[in-house]
Every structure is written in structure tokens, then in C-alpha cells.
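Asks: Given next are the chains, with one letter for each unit.
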Amino acid sequence: MDKLQQVNKNWIFGAATVALLFILPFVLARFGTTGEFWIWVTTEMIIMALFATSLNLILGFGGMVSFGHAAFFGVGAYTVALLMKKAGVSLILALIAAPCVAGLTAAIIGWFCVRLIGLYFAILTLAFGQLLYMIAFQWYTFTGGDDGIHGIPKPDFLGPTNYYLLCLVVFIACFLVMRMIVNSSFGLSIRLTRENLDRAKFIGINVRRYQLINFIMAGFFAGIAGGLFAELNRFAQTEFLHWSRSGDAIFACLVGGMYSFVGPAIGSSVLIFLHIVLQQIHQSLVEIWAIILGFILLGMVLFAPEGLVGLYGKITRKLKT
Amino acid sequence: MKGKHVKIFITVLAVMFMASMAQAGDTIRIGWTADMPGVGATFYASQKKAIEMFIEQTNAAGGVLGKKLELVIRDSKLKPDVGATMARELILSEKCEFLIGPTSSGVALAVTKLGETNYAPYIPTLMAKKPEVIYTNLWGGGLSSFIKQAKPYGLFKKASITSLYDLDMLRATGMDMPEGLLGYSRCPFYAVNTLSMQVFVEQYHKKYNEWPSDWACMAYDGLIALTTAIKKADSAKSEDVVKVLGGLRFLSLRGPRYLRAQDHMADVGLYVGYTAKDPKYKGFLILKDVVVVPAQMVWLPVAEVKKLQP
Amino acid sequence: MGIEFYLFLLINGLSQGMVLFIVASGLSLVFGVLRVINFAHGSLYMIGAFLAFSLSTLLPAGSIFSFLLLMLLVPLAVALLGLGLEIPLFRRIYGKEHLLQLLLTYALLLILDDACRLIWGGDIRNVARPDLLAGSIKFFDMFLPTYNVFILVVGPLIAVGLWFLLYRTRAGNLIRAAVSHPEMVGALGVNVSRVMTATFMLGCWLAGLGGVLMSALANIDLGIGMEKIIECFAVVVIGGLGSIGGALLGSLILGVGVAFIQLPLSRAAIVFPYFAMALILIIRPWGLFGKPER
Numbered sequence: 001m002d003k004l005q006q007v008n009k010n011w012i013f014g015a016a017t018v019a020l021l022f023i024l025p026f027v028l029a030r031f032g033t034t035g036e037f038w039i040w041v042t043t044e045m046i047i048m049a050l051f052a053t054s055l056n057l058i059l060g061f062g063g064m065v066s067f068g069h070a071a072f073f074g075v076g077a078y079t080v081a082l083l084m085k086k087a088g089v090s091l092i093l094a095l096i097a098a099p100c101v102a103g104l105t106a107a108i109i110g111w112f113c114v115r116l117i118g119l120y121f122a123i124l125t126l127a128f129g130q131l132l133y134m135i136a137f138q139w140y141t142f143t144g145g146d147d148g149i150h151g152i153p154k155p156d157f158l159g160p161t162n163y164y165l166l167c168l169v170v171f172i173a174c175f176l177v178m179r180m181i182v183n184s185s186f187g188l189s190i191r192l193t194r195e196n197l198d199r200a201k202f203i204g205i206n207v208r209r210y211q212l213i214n215f216i217m218a219g220f221f222a223g224i225a226g227g228l229f230a231e232l233n234r235f236a237q238t239e240f241l242h243w244s245r246s247g248d249a250i251f252a253c254l255v256g257g258m259y260s261f262v263g264p265a266i267g268s269s270v271l272i273f274l275h276i277v278l279q280q281i282h283q284s285l286v287e288i289w290a291i292i293l294g295f296i297l298l299g300m301v302l303f304a305p306e307g308l309v310g311l312y313g314k315i316t317r318k319l320k321t
Numbered sequence: 001m002k003g004k005h006v007k008i009f010i011t012v013l014a015v016m017f018m019a020s021m022a023q024a025g026d027t028i029r030i031g032w033t034a035d036m037p038g039v040g041a042t043f044y045a046s047q048k049k050a051i052e053m054f055i056e057q058t059n060a061a062g063g064v065l066g067k068k069l070e071l072v073i074r075d076s077k078l079k080p081d082v083g084a085t086m087a088r089e090l091i092l093s094e095k096c097e098f099l100i101g102p103t104s105s106g107v108a109l110a111v112t113k114l115g116e117t118n119y120a121p122y123i124p125t126l127m128a129k130k131p132e133v134i135y136t137n138l139w140g141g142g143l144s145s146f147i148k149q150a151k152p153y154g155l156f157k158k159a160s161i162t163s164l165y166d167l168d169m170l171r172a173t174g175m176d177m178p179e180g181l182l183g184y185s186r187c188p189f190y191a192v193n194t195l196s197m198q199v200f201v202e203q204y205h206k207k208y209n210e211w212p213s214d215w216a217c218m219a220y221d222g223l224i225a226l227t228t229a230i231k232k233a234d235s236a237k238s239e240d241v242v243k244v245l246g247g248l249r250f251l252s253l254r255g256p257r258y259l260r261a262q263d264h265m266a267d268v269g270l271y272v273g274y275t276a277k278d279p280k281y282k283g284f285l286i287l288k289d290v291v292v293v294p295a296q297m298v299w300l301p302v303a304e305v306k307k308l309q310p
Numbered sequence: 001m002g003i004e005f006y007l008f009l010l011i012n013g014l015s016q017g018m019v020l021f022i023v024a025s026g027l028s029l030v031f032g033v034l035r036v037i038n039f040a041h042g043s044l045y046m047i048g049a050f051l052a053f054s055l056s057t058l059l060p061a062g063s064i065f066s067f068l069l070l071m072l073l074v075p076l077a078v079a080l081l082g083l084g085l086e087i088p089l090f091r092r093i094y095g096k097e098h099l100l101q102l103l104l105t106y107a108l109l110l111i112l113d114d115a116c117r118l119i120w121g122g123d124i125r126n127v128a129r130p131d132l133l134a135g136s137i138k139f140f141d142m143f144l145p146t147y148n149v150f151i152l153v154v155g156p157l158i159a160v161g162l163w164f165l166l167y168r169t170r171a172g173n174l175i176r177a178a179v180s181h182p183e184m185v186g187a188l189g190v191n192v193s194r195v196m197t198a199t200f201m202l203g204c205w206l207a208g209l210g211g212v213l214m215s216a217l218a219n220i221d222l223g224i225g226m227e228k229i230i231e232c233f234a235v236v237v238i239g240g241l242g243s244i245g246g247a248l249l250g251s252l253i254l255g256v257g258v259a260f261i262q263l264p265l266s267r268a269a270i271v272f273p274y275f276a277m278a279l280i281l282i283i284r285p286w287g288l289f290g291k292p293e294r
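Residue numbers (the numbering used here), protein chains in the order written: chain R, 1 to 321; chain W, 1 to 310; chain V, 1 to 294.
Among the hints, a few may not be true.
To be verified - Partial selection, computed: residues in chain R whose CB lies under 8 Å from chain W:
1. Trp40
2. Glu44
3. Gly148
4. Phe175
5. Glu239
6. Val286
Said to hold, decoys possible - In the DSS-like style, the derived pairs of lysine-lysine whose C-alpha atoms are separated by at most 27 Å in a straight line are:
7. Lys67/W with Lys86/R
8. Lys49/W with Lys157/W
9. Lys291/V with Lys129/W
10. Lys201/R with Lys138/V
11. Lys95/W with Lys154/R
12. Lys207/W with Lys130/W
13. Lys201/R with Lys96/V
14. Lys157/W with Lys138/V
15. Lys86/R with Lys154/R
16. Lys79/W with Lys154/R
17. Lys49/W with Lys67/W
18. Lys206/W with Lys280/W
19. Lys158/W with Lys138/V
20. Lys314/R with Lys96/V
21. Lys138/V with Lys130/W
22. Lys9/R with Lys320/R
To be verified - Label-pair restraints from in silico Cβ distances:
23. His150/R with Thr136/W: 22 to 32 Å
24. Val199/W with Pro60/V: 57 to 67 Å
25. Thr169/V with Phe186/R: 15 to 25 Å
Hints were generated in silico from the structure; no laboratory data involved.
Built from N, CA and C at the ideal position, the CB exists for glycine as well.
I would like the entire structure built from these sequences, with the hints used as guidance.
Replies: Here you go:
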């Protein structure tokens, strides 16, 4: 009974959050240019939340640390940029193509990577990610090299508010699909491979195959996030593929809580928000952002490895008793 | 658990109110998206010094149109998308009328993001080609590294190298810089004889105990152009100022200059000279026998610029 | 081109590989004993390079003794910094999940790199080579920098020294035993955590030494830490994590590989470490000298 109540409560919270998120841009729009800026920021938060949630499919649920996840984000971004700028494809078609190309890339890279475990997996994903980064960097005629591809066309109807809504709808759809995956029997098997690899093998799970499928799906959703992000900024750039962007997403998962489904989304929103607010509070904080971030992470790793969500759970449990 | 979301967005609203309350009408806010980490840090440090000095001096003299200048800095982290977000913040949220920077062009990224400060593996191959003159798009730290490493390989016994020799690069190379190399510079303070440059250099040296790099002088010149435009437009609104930019004449540290009407490019030329030691500057070489190449000879024709712009 | 040119390339590549070996062997050693891959190892190397710069401005320029003093003091300072990091931070994460270890050291990388920016600023620095090593040696009709030859001497000395320490001393026996049978070593009454601290400090010492040597080989800036840690990853992956001999082989493969691959393919040189790393992980994931884990 308690369990059922909890589930109901989650759905109510979720619905309320979604409703608020839909109203938000209209409220923000009343605050002039400052409000417009925050619409941009929240749009970025939504996209990055999608990226972090996709990473968490392999990180939190699969127990595999990937430093190459940005590769799929970047491939998605470049797919949208190239299709829209060079082939004149519409935004919707480009946004459909982005995750497919990213998923295909993930299939190729993943096929090699899932043979390895632990550190070796992490380093191989790093190597592949950086290889793609270097290729994008050097292949001027196709990717624009380090200049990237600028001036992705923007459909007329897509003002900041409309683009926010588009991203929100895509995010919610992806979020629900990923949630379904995690809660399916496939998701349970993946979690088992994290908890106990040998046992998973013993009961007949084809571990490599499951991990590969999981890896491809994570890449697929990262591709959507990358595509949305390219259109938001109207450019795609080699930085999108760089391993430090994978690192950012890993941080988001850690800060939010990688053992909960909503954790990464919360973590990435909090980090983006914190970055901007700290800059606004005082300029000197701009210069030591990396140090602040570093100490937050140190604290999280040492004292709250379950992230904000875990911390929140601990506090509410304490309050109840 | 999802309640967390709600709390976050309530805080967002609170911060927005604070931001809108802080609006004040008697300052001109200048936004700067700087490249602070890694390689951008060199430009950041020297530009920041010059910009802060300019603002201090201008405000001490009563500001521009009676308004004080105020600098708002954001870190682009050398990532273009972060830079774009920060620029949006500066314009929309911080209400900056003017943006300066970023400095780093694709070249800066190309040289440095790949993490190349070590050229030794490439030097033998280069020498095998027996070049007489090496043209390179290396500059700054990359060029300095290259020269230092190539010197003991005897490369400069047979070949000369030509590129951008800005002060930061000359300082970084120090006495390892070979003498008599032909190079160019954008704004070498030691080769400009205007009175305003002399005053600037003296003040800068007194304040910071170092010589102003090319980037410092250029940032200072940029602000001279901007404040001249604000005065001419008699308004601190960017849309009014933009109208007077085309053909604007201003007195830069390098003498009178103007902005080209079509694309607002400044007619700042190049300074070409040969590297040489100078007893006045300890620890680094400067360019001697400097010839000024006027901008009209080196800048892209308007038609070419139009072609490059998307 | 004659054979002497290729010989010249080889020597040049080997001297590049030697600096890499000194840094990477520290990373590999720490991993072997502590089972932690230290993302911040490159930052420690960078701190060593910057410390060498700061100290060199206080010492008489051009003297070989100043430089030897740098090589003596700076690595010790970095090792002490390592002590300051190991006790409050690393000790808490031994034996924990790889993920937490990676994140902790990555957080440390962010902090140390930014601290370097606050302390030393973004200027491009370097340490002047001592007069004795500043010139070049004639090699057929080419010139080989004396400093490269110096590194070619120091590198193998360090390798031999490490080998001696690990295989011919009691401390080395303890370290090696702690790698394979930590519980047994503890049961024998040895203070395992002290062995671990000492190993970590030795790793930091190597990073610092690499920093000093590099500060006179090339220019140093705030990007060199990040650059080196990736190269070190490539080295230890190629050689096998935790193996010192592997680190030596991996460093030399990378150094020589980069020197030769750019002859036909100048653009490939920059991708080479990643390519080599990926290739080895695919065909022999435990590296050339490592042992399979599962």
C-alpha cells in the first residue's frame, strides 16, 4: 500500500512539474529581455537534462563509465547542422535523422567497447570519442574543421518560447520512453549486470549484447539532445564532441544522483543554474568557477555519492522519524 | 522527488527580480566574454589590465556623456556555445549595451586546443625539406615553442621564419629569439611614436610594472573607438551608436584611424620589421627598422568580406 | 634521404618518449598499487613544470647546478603535495567503485588546474636550458640538441633506478607484494597504508621530475597538464596498466611512432596516440605487458 501511494505521489509530482514547465515560458516572457534570457537558459537546461539522462542509462543503470558520450551528442549536432545547412532538410526531418546517425555511430563504437569492463571501457570510450573529435577538427571540407558549421537556418515560427516548448515536448517524450526502458525486463537485466556480472551471465543473460543495445539507445537519445542543441545555438562545433563535455554530463549525474531516474536531469539543471547565478552574484566568482565546481564534486564523491536525490531522501527520512 | 524542480524554478524567478531591480540609468555597461582558461588566459590578463585602466581613467575624468563605464565579465571557457550563452546573458539579462571580445579566432583554437606546445617531433622532418623561408600560421605560444625547440636543431642557420611577432610571443621566447628575422606585429608599443601611445605606455608600466602587449594596446584602442562613437551619437544606446560607426574617425594610440563604412573594419595596418636586441628592453627582442603597412594594402576588399559572411 | 636521417628521427623520437615515460611510469605505478587511475596526474606534472619556472627565476641562470637543484627540489615538492592529497582524499576511495575514484581525481584535476591559473596566470613560460646543455651536437650534417641527449641519458637512468627500487630493495618488495596480495602484506604486520602513501608520493615525484625536464624542453602553459594525461593514458594502455616495463615500451612506441608517422601522413601524428590506444584496447585490452583482469 505504501509503495502504491509512493507511485501515485510520483505521478502527481511529475504532472505538476510538467504543467509548471509548460507555463514557465509564458510567465518568463512577461519579464522583458531578462525573462527572454531565462527562456534561453531553461531551454538549454532541458536539452542538457536529456543528455545527462541518456548518459545515465549506461552510467547509473549499466554501471559503465563512458568518457565518450559527447561523441554521440556531437554527431547529432553535426547531423542537424549538415542536413539543414548543406542539404536544406527541414528541422523535423533533421531532428529525426540526428538520433539515427548517432545511434549508428554508437553501434559501431559500442561493438568494440562493450567487450571491455571498468576502467578499460572508460578509456576506450575516451579514445574513440577523441578520435571523432580529431576527425571533425581536421576534416575542413566536411565539418568546417575548428570553425565548425555556423548559421544553421531557423524556421520563422521558432521564437525562444516556441523552441522551448518544442524541446520540452521532445524531452518529455524521450524521458517517458527511457523510463519505460529502465523499468522493463530489459532494464532489470541491465541493472543486474551492474550489480553482479557473473550472476547475470549465469542466469543466461547475454551480457555483451544487452550492454551493446543499452549503449546504442543511450547514444540515440544523446543524438537528439545534440540535434536540439545545435539548432538552439544555430551552430555545431568540435567542442560538442570533446571528452570534457562527457565529463560535464557525468558530473550532472553524480550531483543529481545516478541511482535515481530523475537525478541526472536535476543535477544538470542545478549545475547550469549555479554557474549563471554565481556569475551574477559576483564577478570574481567567474574566475574560480572550476575550483568551486571541483570542490562541490569532491564533497559529493566523499560525502554524498548518491547525489542530491539521495540527500533529499535522507533528509526527508530523518524528518519523518 | 520531483518537487525539487519546483523549488529550482521558484529560485529562478527570485533572481530575475533582483536582476531587474539592479537596473541603473547612470552607467554604461560594457559586456566582455573573455576566454579565461588555458591559452586564452594570456590575452585575458593583458587585455583586462588595459580595459580596467581605460575605465578607471575615463570614470575619473567624469565618464562618457556624464555616465560612468562599468565592465561586466563572463567566461566563455573557450567553448563557443558557452560564449553564446554568456553573450545572451550580457545583452538580455545584464543589459549591456556593448559587447567586446571574444579574442580567440579559429586560429587560436587550432594552435592550442590540440595541446601542441611540443614541436620537437616535427622539426627533423621539416628540416629534411631544406626550406629557405618558413611561413607559418603558428603564433603566440605555439610559435614561441617552435622557435625555441628548432634553434638547437640548427634550423635557423639555414632558414628564416616569418609570422606574427607580438609582444607576448617575443617575451615568451626571450633571448632564444634569433636576430634578424622578418616578422610583423599588430600594435608594437615601442614602434609607435604618437604622444598618446607614450603617455599610455608610461601609465601602464607605472601601474602594472610591465610593458603593454599588443593585445592590451588593441583593447585600449577598441574602447577609444567605442567611447568616441558614443560621444558622436550623443547616446549610449547601441542602436544609435551603430549608426555612427561607419566612417567614424577616432584618435587611437596608433594615431588617427577610421572605421570602414561598409563593414566597420578599422584601418589599422601592420608593422613589419626585423628582430633585434634593444638595451632598453631586458630579456626579449623587439622589431627594429619597422615599416608601417597601411591597412588599405592588407585588409580584405569589401566584396571579399561579403562573400565570406553567410 | 640517407639512413642517417632515419637514425636522427629515431633518436629524436626516443628522447621525446623518455619524458613521457617518466611521467607515465608514475601514473602506472600508482595504478598498480592503489588501483586508482589518477586523472590529476597531469596536473601534478604541470605544477612541477611551473614550480621549476618559479624556482629558476631565483637561481643563477645558465648554471648546470641551478638546473640540477631544480631536478632535486621540485620533484620533492610535488611529492609532498602528493602527501597532502593522499591522506585526506585518496585514502577514502581505495577499493571503492571505479566511478567514484575517477570522479574524485577528475574533480582534483579541475581544482589543481584552476589553482595553477590563479597562481601563475596564463603567460607562456619556460626554463632556460643551462649553458652546458643549450647547444647542439653535430650528427652527420644535422644538429641534435644537447638537451635531447641529456634526456636520453636521464630517462634510462630513471628506468633502471625504478627497476632497482622495485626488484632489489625491501621497500620495492613490499610495494610489489602490496600489488598482488595486499591482505597478506597486512597480515605480516606491515603498515599497508604507509606503503600506499609512499607509492603515491613516488608517483608524484616522477610527475614532478617530468615537469622539470619538460619545462626546459618546450614551453609550458596551462594546457600541458591535460595534454600529458591523455598521452599517459595512451602509454599505460599500450604497455599495460600497472606495468613499469610496459610504460617504458608504450612511451617509446608513442615517441617513435609520432616521429615516423608524420613522414608520410603529417596530419596523422596528432591522432596517433588515440588510434594506438584504441587499437591496443581492441586487440589486447590488458596491454602489451599487462595481465588480463577477468
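Asks: Now look at each hint and say whether the structure bears it out.
Replies: How the hints compare with the structure:
no. : hint                               : result
1   : Trp40                              : holds, 5 Å
2   : Glu44                              : holds, 7 Å
3   : Gly148                             : holds, 7 Å
4   : Phe175                             : violated, 11 Å
5   : Glu239                             : holds, 5 Å
6   : Val286                             : holds, 5 Å
7   : Lys67/W with Lys86/R               : violated, 47 Å
8   : Lys49/W with Lys157/W              : violated, 38 Å
9   : Lys291/V with Lys129/W             : violated, 44 Å
10  : Lys201/R with Lys138/V             : violated, 63 Å
11  : Lys95/W with Lys154/R              : holds, 25 Å
12  : Lys207/W with Lys130/W             : violated, 47 Å
13  : Lys201/R with Lys96/V              : holds, 23 Å
14  : Lys157/W with Lys138/V             : holds, 13 Å
15  : Lys86/R with Lys154/R              : holds, 14 Å
16  : Lys79/W with Lys154/R              : holds, 22 Å
17  : Lys49/W with Lys67/W               : holds, 21 Å
18  : Lys206/W with Lys280/W             : holds, 16 Å
19  : Lys158/W with Lys138/V             : holds, 15 Å
20  : Lys314/R with Lys96/V              : holds, 21 Å
21  : Lys138/V with Lys130/W             : holds, 17 Å
22  : Lys9/R with Lys320/R               : holds, 17 Å
23  : His150/R with Thr136/W: 22 to 32 Å : holds, 26 Å
24  : Val199/W with Pro60/V: 57 to 67 Å  : violated, 38 Å
25  : Thr169/V with Phe186/R: 15 to 25 Å : violated, 53 Å
Going down the numbered hints, you'll see the structure goes against 4, 7, 8, 9, 10, 12, 24 and 25, while the others check out.
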